[in-house]
Amino acid sequence: MASLTPITGTLGVQNAAHLLRRATFGPRLQDIQAFSNLTAAAAFNQLIQPQLPPNLPIDFLTGTDWVSPNVPHPNHGGDTISEFTSGWWMENMRASGPNLTERMVWFYHTHIPLIISRVENKEQFSLDYLRLLRFYALGDYKALAKAICIDNSMLIHLDGNQNVKGNPQENFGREFLELFTVGKGSQVGPTDYTNFTETDVKALTKVLTGWGTDTSYQTIDPITNIPTGKVKGNGTMSSQHDVTNKQFTAAFNNTLIQTTGVLGTNTTVQGVYQELDDLIDMIFNSPHTAKNICRRIYREFVYFDITPEIETDIIGPLAATLEQNNFQITSVLQVLFASEHFYDVDSAPTNDNNIGAIIKSPLDLIIGSIRLFDLDVPDQTTDLENNYTLYSKLINQLDSQGLPFFEPYDVAGYDAYFQVPDFQRYWISSNYLANRYKFAEYLIDGFTNGNSAVLLKLDFVLFVKDNCTNPGDSLSLMQELVSWMIPIQLTPERFNYFKDTILLDNLSANNWTVEWITYINTNDDTNVRVQLENLALAMMQSPEYQLY
Amino acid sequence: MDRRDFARISALLGSGMLLKLNGVPLYAAEKDGFLKDIAMKSLNDRVLILVELHGGNDGLNMVIPIDQYGNYYNLRPNIAIPQTGSRQYIPLDMTQPDNKKVGLHPDMTGAKVMYDNGHLAVIQNVSYANSNGSHFRSRDIWHMGVDYDQYESSGWMGRYLEHYYPGYPTNYPNPTTPDPLAIEIGTGVSLAFHRDEGIPAGLSIQDPNAFYNLINSVGTASPINFPDTHAGEEIEYMMQMEQQANGYAQRLKDVYDAGANSATVYPDLYPFIAPPGALNNPLAPQLKIIARLLAGGIGTKVFLCRIGGFDTHANQVETSNTTMGKHAALMYHISSAMKAFYDDLQNLGLADRVMAMTYSEFGRRATSNSSYGTDHGNAAPMLVFGTCLNPGVYGENPDLANLQNGNIPMQHDYRQVFTSVIKDWFGATDPAITQVKFEDYVENRVDYVQCKALSTTELFKENLWMNCYPNPSSSKTTVEYYLHKGGHVEIDVMDLTGRSVATLVDENTNEGKHSLDFNLSQFQSGTYIFTLKTNSVSITKKVILQK
Chain A
0 MASLTPITGT LGVQNAAHLL RRATFGPRLQ DIQAFSNLTA AAAFNQLIQP
50 QLPPNLPIDF LTGTDWVSPN VPHPNHGGDT ISEFTSGWWM ENMRASGPNL
100 TERMVWFYHT HIPLIISRVE NKEQFSLDYL RLLRFYALGD YKALAKAICI
150 DNSMLIHLDG NQNVKGNPQE NFGREFLELF TVGKGSQVGP TDYTNFTETD
200 VKALTKVLTG WGTDTSYQTI DPITNIPTGK VKGNGTMSSQ HDVTNKQFTA
250 AFNNTLIQTT GVLGTNTTVQ GVYQELDDLI DMIFNSPHTA KNICRRIYRE
300 FVYFDITPEI ETDIIGPLAA TLEQNNFQIT SVLQVLFASE HFYDVDSAPT
350 NDNNIGAIIK SPLDLIIGSI RLFDLDVPDQ TTDLENNYTL YSKLINQLDS
400 QGLPFFEPYD VAGYDAYFQV PDFQRYWISS NYLANRYKFA EYLIDGFTNG
450 NSAVLLKLDF VLFVKDNCTN PGDSLSLMQE LVSWMIPIQL TPERFNYFKD
500 TILLDNLSAN NWTVEWITYI NTNDDTNVRV QLENLALAMM QSPEYQLY
Chain B
0 MDRRDFARIS ALLGSGMLLK LNGVPLYAAE KDGFLKDIAM KSLNDRVLIL
50 VELHGGNDGL NMVIPIDQYG NYYNLRPNIA IPQTGSRQYI PLDMTQPDNK
100 KVGLHPDMTG AKVMYDNGHL AVIQNVSYAN SNGSHFRSRD IWHMGVDYDQ
150 YESSGWMGRY LEHYYPGYPT NYPNPTTPDP LAIEIGTGVS LAFHRDEGIP
200 AGLSIQDPNA FYNLINSVGT ASPINFPDTH AGEEIEYMMQ MEQQANGYAQ
250 RLKDVYDAGA NSATVYPDLY PFIAPPGALN NPLAPQLKII ARLLAGGIGT
300 KVFLCRIGGF DTHANQVETS NTTMGKHAAL MYHISSAMKA FYDDLQNLGL
350 ADRVMAMTYS EFGRRATSNS SYGTDHGNAA PMLVFGTCLN PGVYGENPDL
400 ANLQNGNIPM QHDYRQVFTS VIKDWFGATD PAITQVKFED YVENRVDYVQ
450 CKALSTTELF KENLWMNCYP NPSSSKTTVE YYLHKGGHVE IDVMDLTGRS
500 VATLVDENTN EGKHSLDFNL SQFQSGTYIF TLKTNSVSIT KKVILQK
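Protein sequence lines, in the order shown, are assigned to chains A and B.
Reminder that position 255 of the first sequence reads as 254 in numbering that gives the first Met the number 0, one-by-one numbering, no gaps.
Reminder that position 459 of the second sequence reads as 458 in numbering that gives the first Met the number 0, one-by-one numbering, no gaps.
Keep in mind the hints are simulated off the structure, nothing from the lab.
Possibly wrong hints are sitting among the right ones.
What the hints assert, rightly or not - Going by beta-carbon spacing under 10 Å, a handful of chain A positions derived as facing chain B:
{"hint": "1", "residue": "Asp304"}
{"hint": "2", "residue": "Ile358"}
{"hint": "3", "residue": "Gln418"}
{"hint": "4", "residue": "Asn434"}
{"hint": "5", "residue": "Arg435"}
{"hint": "6", "residue": "Ala439"}
{"hint": "7", "residue": "Glu492"}
{"hint": "8", "residue": "Gln545"}
Unchecked claim - Listed next, with one range per pair, are the computed distances between beta-carbon atoms:
{"hint": "9", "chain 1": "A", "residue 1": "Ser67", "chain 2": "B", "residue 2": "Leu268", "range": "35 to 45 Å"}
{"hint": "10", "chain 1": "B", "residue 1": "Asn212", "chain 2": "A", "residue 2": "Pro403", "range": "20 to 30 Å"}
{"hint": "11", "chain 1": "B", "residue 1": "Asp115", "chain 2": "A", "residue 2": "Pro403", "range": "34 to 44 Å"}
{"hint": "12", "chain 1": "B", "residue 1": "Ser85", "chain 2": "A", "residue 2": "Asn284", "range": "52 to 62 Å"}
{"hint": "13", "chain 1": "A", "residue 1": "Val70", "chain 2": "B", "residue 2": "Gly69", "range": "48 to 58 Å"}
{"hint": "14", "chain 1": "B", "residue 1": "Asn224", "chain 2": "A", "residue 2": "Ser67", "range": "51 to 61 Å"}
In this text, a Cβ means the ideal position worked out from N, Cα and C, and glycines have one as well.
All chains, full assembly: derive it from the sequences and hints.
Structure representation (structure tokens):
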């Protein structure tokens, strides 16, 4: 019986590491230490501390951002700005503290994907999309879903801005139901997917008619302060909104949505907004909405396989909690991150244990490694161009590992987050896995720019020297490295493989101690560097390091 | 199948191989473990290329029902292909009855040439009952090989491979099966090759040399024991992937290096107007690699290529010219790449071995929308390419006056098309077809394959089996052959000019398995044809010598 009962006592080192691995893009060593002394409740409070929004990204040729009235430099095309936006976003992930915000922004992006190239000639659109996700990252999911319907980037990406009365465009409506809200259930008839039907897609599409992008950025959402799309018309009356009745099916309690404020064949702008509210209320009244998002939360933070037992014992109660808390997303995160289920103590058998069972996305692998080893990157304020160059290279790495960052192949997002039956295993093909391993080499060799300036490099000798308690003692060294880098217990054989075969090169432990002391005394790291870099490569090129 | 055939299969397959007739297990006496291995293999060297059109292809602008041109035009005037003028549709075959007269998109000249040569079959209105409008669910259905309301954790191709190579990946690769069972050009792993348990049966590669270099430069020793946790399962999965890659990297590089394309020029850019991102041919480089691997002697039987950009909700044509644009470019890419591919294969002497087909998760609506695009639809045509087809048009033109909710109704279930692949092209036995779950589609399968392969049982009636390995070889090759019945055997070796360079065997031979080593180092590098003749039947193998 899987259980959401809260655990008691302080977390301890292992649980703290597990919580931070799951809730952030990779724990820093000092964070693990700090959290190990907290209870689950206190730890969660830390994780949801409101964060200042990051400074807007800067175009180094203008010295400003590109949020209206600012624009990008004419020499920087839309695709270059897209790269900057992506780099800025990754830098936010890298620089963040032990907080849930960044992970939730990524989660919402994988749940409500945007393909940035579709909006790259309107550079602010993708930025506003990210700002919107960040605004609601630890907030009201229902409000986010509503805001998404009229977000400028979404109106382009899923063709909402071409959806007009008399000529409906179903793309957004379909994905809104299928992906973002109720999800698809089993198909019980030609056009009936249980949670919604084709009729509902058509009705919903009509509700959303008559919205368009606002490239003046003057239509501002009073709650988020972020520009949105606008109702097509003269500003007071709509011109393209379908004002006929929209009849939904039994999947939505046979709700009838009617336009208010109708004058002739158009209505007031107010009426169009009201109808959107009615639509969102209807959709969020469906029990499937809460369940769908809770399942995605479960897959993001716990494990990809949702058995009938998990569905009953975990998803059901979480969905109820979410509904009772008016879709405030932290209400379910709070329960989940304090639960016996999350820490594998709700049942004795180990074969359903979830700690260490999630395959890192390439983003987790790269950003996580940078954070774990506390690596320096070119300073965003004083060395911006190199900062962007580095992230451009890292984006190529992500792509080679199977994550086309901000550019998913499918409107449903990246395969690992939705593709049955294998979900996270979609990160593991022969190519992707080999490229993940290769990244470790690149990290040790260092990433450089065109002038051979180093942008990012792991000096494993320095890392060991600065962080390990007693690096000359191979056992203590290995224990610490394993506890930081590997999310599960290693068997003695496996542990000794890394220690004896790789680090010690099958020589005596004494030999290593002597080498280390010599290094400390002479500052010549030649010998210890070879062994430690071999160790870093072996550990990072292991299947165990691919997990968290 | 009658009892005699079953007894024969049982004898051939050996003990440990459980056959069931109507649910009753048959235990076969062990004759020779070797036979088990070869019987499980498909005994012909035919190849299938699956070309996935990702996003839902607008079949109505690819294959135009010209008997109803007026209706066609009225349904989609802002994207319709014209009937006259320099950019009109290409009339495919005016010898067809009116209700099968179709036109191809004007940029499919390559496909038209292939049709005239008898190398193209167009299968109309393919879908499945209760078509699902979701890309992801529909694509999954096509790959799983199931009905609209069923789920499998395996793909139909994965089940087919599982039948003939059970226990994969344990003991793979091996001398008899040194090549990946299936290859996906690209980097991901399609559901198509998933098996019910374990890693998929397909390997994904982009470029064999780059793959080799990559695989050999990374990795460390693998763990031996896995914890009994979910994490342990993930580690095991990763390890098997790693081992699969390691096992095949060298072989793929060798085969790729041994092979070469002919002088055929593969198409590169769409010659007319289309958005910049749509101009490069995404299919040609993939087919080029496959041709080269085949020329190098690869034994892989199934290849999957994927090209995207078909989800044309908006702007599928240029507003100034409906015959050009995003969708037109894709039509050009498919047609020109396939033409070049088959020209290349002809030059390499491989064309008869290869069949290729396009498929997509659904077609698109007959009516266009105001964004010069089309929304998700239902049935659509599949194109089948090959040199041994019953060419032509299968299925009548959709009745545009009687659409289903604005969609083209289904005439063929997609499994009626895929079943011909496994039964007629590959010669799958009934148990194999059942494992694939296509047994209901045998009777009514679409009959587009002309030279139907004999199933394993039937081949064994012909008494013969031969294999040569290593292939390619740098000096020596071992020729293994099996006779179901004794008789006079002659094994002859010829070069590509048809000149006999050696006779290996010319004597009465007992039934059973035989093998001999043959040293080719005295000959020049190149391709040699080994022919085994016995009684009134013969079998040939091509061996490549690369010194």
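These are the hints, each one checked on the structure:
1. Annotation: Asp304 (chain A) was flagged as interfacial toward chain B, and the flag holds, the nearest CB pair being 8 Å apart, inside 10 Å.
2. For Ile358 (chain A), the suggested interface contact is upheld, since its CB lies about 6 Å from the closest CB of chain B, less than 10 Å.
3. Hint on Gln418 (chain A) holds. Least Cβ distance to chain B is approximately 7 Å, under the 10 Å limit.
4. Nearest Cβ of chain B to the Cβ of Asn434 (chain A): about 7 Å, under the 10 Å cut. The hint holds.
5. For Arg435 (chain A), the interface hint holds, the least distance from its beta-carbon to any beta-carbon of chain B being 9 Å, beneath 10 Å.
6. The criterion of a C-beta within 10 Å of any C-beta in chain B is met by Ala439 (chain A), whose closest approach is roughly 8 Å, and the hint holds.
7. Interface hint at Glu492 (chain A): satisfied, since its Cβ lies 6 Å from the closest Cβ of chain B, which is below the 10 Å cut-off.
8. With 10 Å as the threshold, the beta carbon of Gln545 (chain A) comes within range of chain B, its nearest partner Cβ sitting at about 6 Å, so the hint holds.
9. A C-beta distance of roughly 38 Å is found between Ser67 (chain A) and Leu268 (chain B), which places it inside the suggested range of 35 to 45 Å.
10. For the pair Asn212 (chain B) and Pro403 (chain A), the beta carbons lie near 23 Å from each other, so the given range of 20 to 30 Å is met.
11. Our hint of 34 to 44 Å for Asp115 (chain B) and Pro403 (chain A) holds, since their Cβ atoms are close to 40 Å apart.
12. A C-beta distance of roughly 57 Å is found between Ser85 (chain B) and Asn284 (chain A), which places it inside the suggested range of 52 to 62 Å.
13. A hinted range of 48 to 58 Å holds for the C-beta pair Val70 (chain A) and Gly69 (chain B), which are about 50 Å apart.
14. Here the CB-CB span from Asn224 (chain B) to Ser67 (chain A) is close to 59 Å, well matched to the stated 51 to 61 Å.
In the structure shown, no violation is registered for any of the earlier numbered hints.
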